[in-house]
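Trainee: Chains A and B supply the protein sequences, listed in that same order.
Read in order, the letters of the first sequence correspond to residues 1 to 152 in the working numbering.
Read in order, the letters of the second sequence correspond to residues 1001 to 1424 in the working numbering.
Think of the hints as simulated: they come from the structure by calculation, not from any bench.
Note that the Cβ used here is the ideal one computed from N, Cα and C, for glycine as well.
Some hints here could point you the wrong way.
Here are some chain B residues the structure puts well away from chain A; computed CB gaps all over 12 Å [claimed, not checked]:
hint	residue
1	Ala1050
2	Ala1060
3	Thr1205
4	Glu1208
5	Val1222
6	Val1257
7	Glu1277
8	Thr1309
9	Ala1314
10	Glu1421
Listed next, the stretches of chain A that the computed footprint assigns to chain B, with coverage defined by at least 3 CB atoms under 8 Å from CB atoms of chain B [as the list claims (entries may be wrong)]:
hint	segment
11	22–36
12	42–51
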Amino acid sequence: MSPVSRRDGVLTHEVDGELVVYDQENDTAHRLNPVAAKVWQNCDGQRSVADLAELLGSDAAPDGAAVVKQALGELDRANLLEGGGAATLTRRTAMRRMAQVAGVVMVTSIVAPTPAAALSGGGNPGKAPKGPKGPTPGIPKGPPPNKGKKPK
Amino acid sequence: MTAVAAPSMVHPTGRAPAMRASAGPAGAVPFLLHLLRGSTAREVESAPPALWRAVEHAAARHGMGPLLHQRLQAAGGGNAPPDTRVRLRDVHLHSKLRAEAARARLATVLQALRAAGVPVIVLKGAMLAEAVYAAPELRPMGDIDLLVPPDRLEAARAALLELGYGSPYAAVISGHHHLPRFRRTGSLPIEIHWTPFPIEFTSDTRLEEMWSTARPVTVAGVEVLALSPEHLLHHLCLHAAYSHRLWIPLLHLHDLVAVAGRYPELDRKRVASLTREAGTGRFVHASLMLARRAFPSRIPDLLPGDVPTATDRAVVELVWSSFVEESDPLPRLLTRLAAAPGLGERLRLIRAYLLPPRQRLELHRDFDDRHPYRSYLMRLRRHGRRGGGRLVDLFRTRGPLRRAWRSARSRVLVERWARGETQS
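Bound conformation, chain B alone (with noise of 0.2 Å):
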């Protein structure tokens, strides 16, 4: 009978556990980095079993698992410990499985969507895994995005409702960009989105110049469309800066290289030109920059003509030494609380997040007309359970308080950044 390796770190959920950053030594973003990059230093070939193990931890929590075992195995397995071969090798297999199976439900929403005569942009994760990255795989997502025109939005809903996708909301939560999720049971939520940005930075005018410079792709075996490598990589970079305040994973860093690589056709002035319309080029510096310093030789200076604040360049060293810390994000409304201007502010915050407006309220599709309060209470508890969950863990496992604190202190100089309320 052949014994496999003992799950070590392996969760009983299959998911990736929380780093410890107290428990692996130190280095294993860092560590990571060099294997991504294709290092064979010294460093990497001496180092301990201990190393490689918090490196899994780094890859599986950056999602760079897929990518790290390609690399491995291109360097001939890279002095890597046997088990952590298998495991890499496992996690490898476990994406082209997923993404196996998410094409094949991909490809059914598309045809779908073409039937109905909705034109689409497939965005982020879907796009980039078929039509930048080398294999599906190697770009492992949690859901879909897809890009419709605003006037066909009711004709996607349609369309994924007769498929059988089921949406938490029977309505959608206007001056949102995209309708809340669809859920299928055994398929990646997808998210129709009727602008890719914020709707902050959404205007008809660059909403038709997106439609209109799309370039057509095959996506999961159907013809679609996909962004232009500029709006590409300006939607990326919002993303990354803007939507996740740059706290994101390194496969999402990654996406940046992987599109500057993929496209060395990308007009950079046209990317700088974009920027200074929409008013983001602080966005797209910060995703830049940082991009740059975890994959130094494979990303060029992109914006001609624009120089980064000294703001921009604090915010990028701050958020970098959280990458190399592996410290963690305090839940988002303990972020916005600390960051609020005032007590007054703190509370209109909390209050708002206790008692949302019924309207709000009455969109879900569990809202009890006859029982409104019960509504209240259970999404107290929804949110409780998961806010009080995501606290718990933090300081059981993620490393002492100080360094929680510090995280919050950077996260809190971040949000602020991102709203524009930080000088040079």
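Chain A on its own, in the form it takes in the complex (with noise of 0.2 Å):
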């Protein structure tokens, strides 16, 4: 299966030939290197591992194909591709191998850039709940009654 990158919810800003890469809804950010950013940018579901090392020409030498794996396999674990479920996940372990094998990491995860949870008390985007159940009821004025009743 040609591997497809995610590009709905995701913003990039290309900075001295890296890219980084901010993805919305998990509200995380990585930096991908000239190849992981080749990759990334070609993996459109139509080319295959051969046509992305082709592409990668002498960056991806001596093992183009070895190098796109590790590079799809960092890109699968920062959520940056398409798919999942159980063909992922053979992939996946497949790339892990790969990347132990070559030590170079391609992605890399960015500190975020707003102050630690427990000093702000602040939020993050990310998963949202289900809309509210049921009827929405009016604003209470006052504080809501307490019978006094404990739970059983």
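These two chains come separately, so use the hints to put the complex back together.
Mentor: This is the structure:
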């Protein structure tokens, strides 16, 4: 199966040949080195690993396929590829093995710019809860009546 | 192939890792403040790499990463190691993209509120990022706070639900100064306030004055309102000292400095009279004194005529030591327990925590009418995971127990001070 990069809810900024990718859904950002950036930008569901390796040319020498697989593994872990389920898990396992062999970090997670939660009490975007259950009551003006009932 | 810097300080989740007080060299926060003030002193030039790494941690922890990057850029790198520069640049870019995304979502929300006929005053981070700081990414924020008139709360809530925002609560927790947070996947949480202050400091007169003195401002490309500089400063001080008991990131202290710098016309006498009217003098004094400790040359003495008490000064010293030592707060419940006067009060707090009134639980959208016990158990599990996790984190990563204990004692004293239980 040819890999597809995630583009929905993702913002990018190119800097010094690298790519910073911000994932709105998970409120995370990653720095992609030039190789990973090229792989991610060309994962269109049409190109195979061999095609991507060819595209990288000398950047991925001597073993282009291994480099592409490593990049795909790291992109997958960073949640920057479409897909999931059993197929991804199998691929992930394979990719992890490849990453251990190559020993070069291609995708680096970036520290969040917001203050630590313990200090600020701030939140971050993430999975939203489902909509409210049932009818929404009006806004009470006083405190809720406490009948003094204890839960059994 | 370009090998990137080893992610020694990067947490697997991308979040700022907990600062290990014992791991880094002493003085990370003072050094950070040095850099933020644009200092080019010799100690900055000769700082060892370990100190720079500690500064990165401190900057991340205090939300100062983008500002630090900006200051270092202005100083031509400030002799920072290349790895540090790259990581700070990344944090800056992260903040920039995050702010861009937040801005787009906020524009939609503000337009929807305007269409629903709801007047809005944008509070805190969202307003400061756009109207006070030089660029939105320099003022990262965790949520968006909007103030609407009390009689328009329901319309505001309907507009947000219409936009796909959800709230974990099906109703309002009464007695609170804002509606429960609205969340939507991929967006910053939104808090709709009817008063910017905790309700004990709210009065109809103060609210009316706040609305009548509000200024037009453009936020996310939409014309909205912002608090007058005097009310803004008052609000920020109260938020820092009362709502957060001064346990705030440096970013919030920098907000005060930024407001003072952005509005030179700020009427200091008016701020002083606002604090007298509201009885919030000690909170404003403490916040300003703390800001002056952090950024001495950038904030003037703002309150003429009022003199902080010895207790206020002692509290500021205590909090400042915690800042410098980088100690962490204990979970809020433990602090409140330690501060409670007597066993009876402590038992009452524990009971209220473990077994809140059913009416309060019923407000939660996950409340199960048929099996209310399950809701209690679910709540305990939620709180246990959160509080337990923080406790484990505290003892595992935040330095020796003695430091935690000292921090806890400080917190108790500040808690009592905030409640007005201490005398000079």
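Trainee: Hint numbers the structure violates, sorted upward?
Mentor: 2 and 12
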